[in-house]
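Q: Chain by chain, the residues run as shown.
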Amino acid sequence: MRSFLLQAPAVSLLLLWMLVPLCMTLWFSFQRYNLLNPFISGFAGVDNYTYLLTDPALWTAMGNTLLLVGWVLAITVVGGTLLAVLFQQEFFGRGIARLLVIAPFFVMPTVSALIWKNMMMHPVNGVLAWLFNLFGFQAVDWFSSLPLTSIILIVSWEWLPFALLILLTAIQSLDDDQVEAARMDGAGPIAIFWFITLPHLKRAISVVIMIEMIFLLTIFAEIFVTTSGGPGLASTNLAYLIYIRALLDFDVGGASAGGVIAIVLANIVAIFLIRTVARHLET
Amino acid sequence: MHSSITKKLAITLLAWAIALVVFFPIFWMILTGFKTEGEAVATPPSLFFEPTLSGYHEVMARADYVKFAINSVVVSLGSTLLALLIAVPAAYSMAFLPTPRTRGTLLWMLSTKMLPPVGVLMPVYLLFRDMGLLDSLSGLIVIYMLMNLPIVVWMLYTFFKDVPKDILEAGRMDGAGTLQEVLYLLVPLTLPGIASTGLLSVILSWNEAFWSLNLTTSSAAPLTAFIASFSSPEGLFWAKLSAASTMAIAPILILGWMTQKQMVRGLTFGAVK
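Line order of the protein sequences matches chains X and Y.
Using the numbering used here, read the first sequence as starting at 1 and increasing by one per residue.
Using the numbering used here, read the second sequence as starting at 1001 and increasing by one per residue.
No lab work stands behind these hints: they were computed from the structure.
It is possible that part of the hints are untrue.
A short, non-exhaustive set of chain Y residues, derived as facing chain X with CB atoms under 10 Å [to be verified]:
1) 1093
2) 1097
3) 1112
Remember, predicted model here, so these are calculated numbers, not experimental data.
Beta carbons: idealized from backbone N, C-alpha and C, even for Gly.
The task is simple: from the sequences and hints, build the whole structure.
A: Structure follows, in structure tokens:
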């Protein structure tokens, strides 16, 4: 009884926070509901879904979402693993170098996106344009010619430190004796990495992948301040498409149908993540 | 012996090169904040220049910068305090009065974090509009509190579990009620853990940029939204953008560096320690 009372505020608040908007999203997704036109109303059946699912914009956005998530995951997980091994070695100034390399994770997304957009990737005055010219290449107009690639680069820069931070923590619990024994037996560094370090990091890597997926599926601020989803729909992901439907077109029904799709996608990942966490939860 | 020194030097060189490349955009932003607008856009980029505080002066002179900064402080501290207040009793009962349901409750709380914000953007926006919470600090505080509550409960739970039960039992023998037990025994014993949980929640709220961009316009907008206003082509003043950005990220960068270990624990829900 006492434990029920103590948990009641937290549990009831979270229950409300989860159920009320979720039910409303579901309800709206079956309604004709546009904030700009109050005369259109009533039950829409699955119209919002058929409209959305036959809209090429949705499939473009889904494709962009998959590309964004896939590339960022590949870059940050592979990069993070290699960097974790590197930054685990003894070297001069290790503490400070580690602080520098994890710093981008603590920078707010709007700042990261704007530093990259302006000071780094600006086609005329950016540092990258200067570097490209220096080595005799044509400067790239990142956000018009490679919009999605630019977003992928920025987001990877933000999340590489996250992967590194988690994997570096995990690698520190690796048993030194085991590595030493393997070395005695004549294993080279690559064999040690492949047969000892990587299996040891397996769980941490799967946790990194799942947590990143949850966040990467709904990347928003980075697109909002750089390309606004453009040119055209070239850098619009699912989250940004829903935002356009919701707060620019005020199409509540359509946005909610998109929201339901986003929730379903996130839940597929969430089930695996919660299973992994549950397995390691001692109560 | 000789080769091990060479190896260490090679690793030092490689690791530092990578660290500097990764950190470069932040370094460049800090540097640009001390330039004039002309130097900020110069090609080739100017590395040596006479530092000026004019970017900072101009940003601070816009009275609203201070307002945005105060909004950020109020929202992240407010939501964190509220979350701690609600989470401490819950985590206490989970750690010290576990029932067969505790495990399920913890996992369910975690699952509420998985709901993508964009999936519930529309209902939350409409509810806020109807309750008059759009562009209000209290609305943002409630959203951030709910957003961080699962992590806060989870982290407090792992810290509380490390406290030996005998200590609390001894307190109970001496006649302490639940409230005294929590206030005079548990909180002082786990203060470092509570503090790092609070810091993580402050960091996450400070940097949050989905709800702040969609639910605020001017009066309650925090720094994330203020910085976003620099994205318009007319507002392109790099020195000012850099000065404002440096001020916006400096406190969180330092807090983040201080709490990185706890951060791992919190962000992975204890799956990686």
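Q: For every hint, state whether the structure bears it out.
A: Evaluated hints:
1. Proximity of residue 1093 (chain Y) to chain X holds as hinted, the smallest CB-CB distance being about 4 Å (cut-off 10 Å).
2. Interface hint at residue 1097 (chain Y): satisfied, since its Cβ lies 4 Å from the closest Cβ of chain X, which is below the 10 Å cut-off.
3. Interface restraint check: residue 1112 (chain Y) against chain X, minimum CB-CB distance 5 Å, threshold 10 Å, status holds.
Hint violations for this structure: none, all hints satisfied.
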